[in-house]
Amino acid sequence: MFENVGTLVPIMLIFLILIFAFKNKINIFSSFLNGASEGLSCIISILPIMVALVTSVEMMKSSGLVNIMTNLFSPITSTFNFPPECIPLVIMKPISGSGSNAILYSLLQKYGSESRIGEIASMISCSSEAIIYIVSTYCGAVRIKDTKKIIVYSTISFIFSVVCASFIC
Amino acid sequence: MIGIIWAFMIISSITCALFSNCANDLCNAIIEGSKQSINIMIIISGSIIFWSGIMKIAQDSKFTKFVSRLFSPILKILFKDYVDKPDIIEPMCINIVSNLLSLSNAATPSGIETMKKMKKHGLIESNMMKFLLINISCVQLSPNFLIISRKQFGAQNPYEILPKIWLCSLVYLLIGIFLINVFSKKSKKERILKTCLKT
Chain E
1 MFENVGTLVP IMLIFLILIF AFKNKINIFS SFLNGASEGL SCIISILPIM VALVTSVEMM
61 KSSGLVNIMT NLFSPITSTF NFPPECIPLV IMKPISGSGS NAILYSLLQK YGSESRIGEI
121 ASMISCSSEA IIYIVSTYCG AVRIKDTKKI IVYSTISFIF SVVCASFIC
Chain B
1 MIGIIWAFMI ISSITCALFS NCANDLCNAI IEGSKQSINI MIIISGSIIF WSGIMKIAQD
61 SKFTKFVSRL FSPILKILFK DYVDKPDIIE PMCINIVSNL LSLSNAATPS GIETMKKMKK
121 HGLIESNMMK FLLINISCVQ LSPNFLIISR KQFGAQNPYE ILPKIWLCSL VYLLIGIFLI
181 NVFSKKSKKE RILKTCLKT
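Going down the list, the sequences are from chains E and B.
All the letters of the first sequence, read from the start, carry residue numbers 1 to 169 under the working numbering.
All the letters of the second sequence, read from the start, carry residue numbers 1 to 199 under the working numbering.
In case anyone wonders, no lab produced these hints; they're calculated from the structure.
Do not rely on the hints blindly, as some may be mistaken.
Unchecked claim - Residues from chain B shown here face chain E by an in silico Cβ test under 10 Å; the list is partial:
1. L18
2. G33
3. M55
4. L70
5. S72
6. I74
7. S137
8. N157
Unchecked claim - Taking lysine-lysine and the DSBU-like style, the derived pairs with C-alpha atoms no more than 35 Å apart in a straight line are:
9. E/K145 x B/K116
10. B/K130 x B/K62
11. E/K149 x B/K151
12. B/K85 x E/K148
13. B/K151 x E/K145
14. E/K148 x B/K151
15. E/K23 x B/K151
16. B/K120 x E/K145
17. B/K35 x E/K25
18. E/K61 x B/K120
19. E/K23 x B/K35
20. E/K110 x B/K116
21. B/K116 x E/K25
22. E/K25 x B/K62
23. B/K117 x E/K61
24. B/K65 x B/K116
25. B/K35 x B/K76
26. B/K35 x E/K148
27. E/K110 x B/K76
28. B/K62 x B/K35
29. B/K130 x E/K149
30. B/K35 x B/K80
31. E/K148 x B/K116
32. B/K35 x B/K120
33. B/K65 x E/K145
34. B/K80 x E/K148
35. B/K76 x E/K149
36. B/K80 x E/K61
Here the structure is a predicted model, which is why all the values come from computation and not from measurement.
Backbone N, C-alpha and C define an ideal beta-carbon position, used for all residues, glycine too.
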C-alpha cells in the first residue's frame, strides 16, 4: 500500500500538470525547454559546491576523523540506535542544502540506498530545508533582525525529526 | 558560515592525518573525492533537468495557482489573524504549494512577498515564525532530487520511502508549531503583566 502511494504521486503529478497545460493552451514544449535549461544552469551552479564538499568529506573519512567523531558521539547516538555515519549529514543539514545533498550522495553511493544508513540519510535530508538559508533570506528581505527564537525552535524540532527518522527505520 | 565549517573540516582532517600517519590516504582521497563528485553529478543530472522542465510547465500553466486555491481553507485555520486578508493568504498559498511540489525557485519570491505583506499589516511574531517553520519543514509531495539519487544508487523502488519522509516532515512541523504556540503564549502573558505593573 505504502509503495503504491509513493509511486503514484509523482506519476499523477506529471499527468495532471500536462492535462492542465493542455487545458490552458500554453506552449508546452517551449516551457519544458525553458525549465530544463534552468535545471541545467542549476546543476552547473551546484557543481563547484559538490566538488568542494564531497572532496572534504572524503578527506575526513580517509584521515580517520570520522572514526574519532563516531566514537565521540557514540554514547548519544547508541541510545536511540542512530547510525554514526550520518552525523556529518546532521551537522551540515541546517546550514546548507546543497552541502547536505553532497554528503547524502556520497553516503548513498557508499552504503546503497536500501540500507538503513541510506534510508535514514535520505529521510533527514528531505524532511527539512536549510534553516539558516530560509531564515536569512526571508528575514533579510523584510529586515527583521530578531531571529534567535525561530532558529532555536526549528533546531529543536529538527533534532526531534532526526530521532523520529531513526525510530521509523 | 558554511565557509568556516568547510575550512574546519579540511584543516582538522589534515591534522588528524598527520597525527595518525595516513597522509598518503589523504592525498588519494583528494583525487578520488573530486572524481566522485563529478560522477555523482553526471548520474543524477539528466533526471534533474527533466523534472525542472515538467515543473516549469506546472508554473506556466497556472497549475500551482489552481492547487493553491484548494489550500487556502487549511491556511485560514493555521493563521486565524489573517482570515479576512486575502492579499496575505494568496502568496502564502502559492509559497506552500510550490514547496509541496518542490519548486524552490518559485517558493522563495512568493515567500518574500508574504513576509512583506505580513510586515505591512503589522507583524505578529508567532505568525511569522509559523510561516517560516512551514517553509523550513518543507513538506514535499515528491522530492525529485532524492528519488532520482536513490534510484541511481541501487534502490529497487525509490518511491517506497516517501510516506516515511512525509511523516518526518510532519513531526518537524507539528513539534515546531507546538513550541511556538506554547512559548509565544507565555511571552504574551509576560507582556500583559508588564503593562499592568507599569500602569
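For this session: Please name the hints from earlier in the document that this structure breaks, with their numbers sorted from lowest to highest.
Result: Of the numbered hints given earlier, those the structure breaks are 4, 5, 6, 11, 13, 14, 17, 18, 19, 20, 23, 25, 26, 27, 28, 30, 32, 36, listed in rising order.
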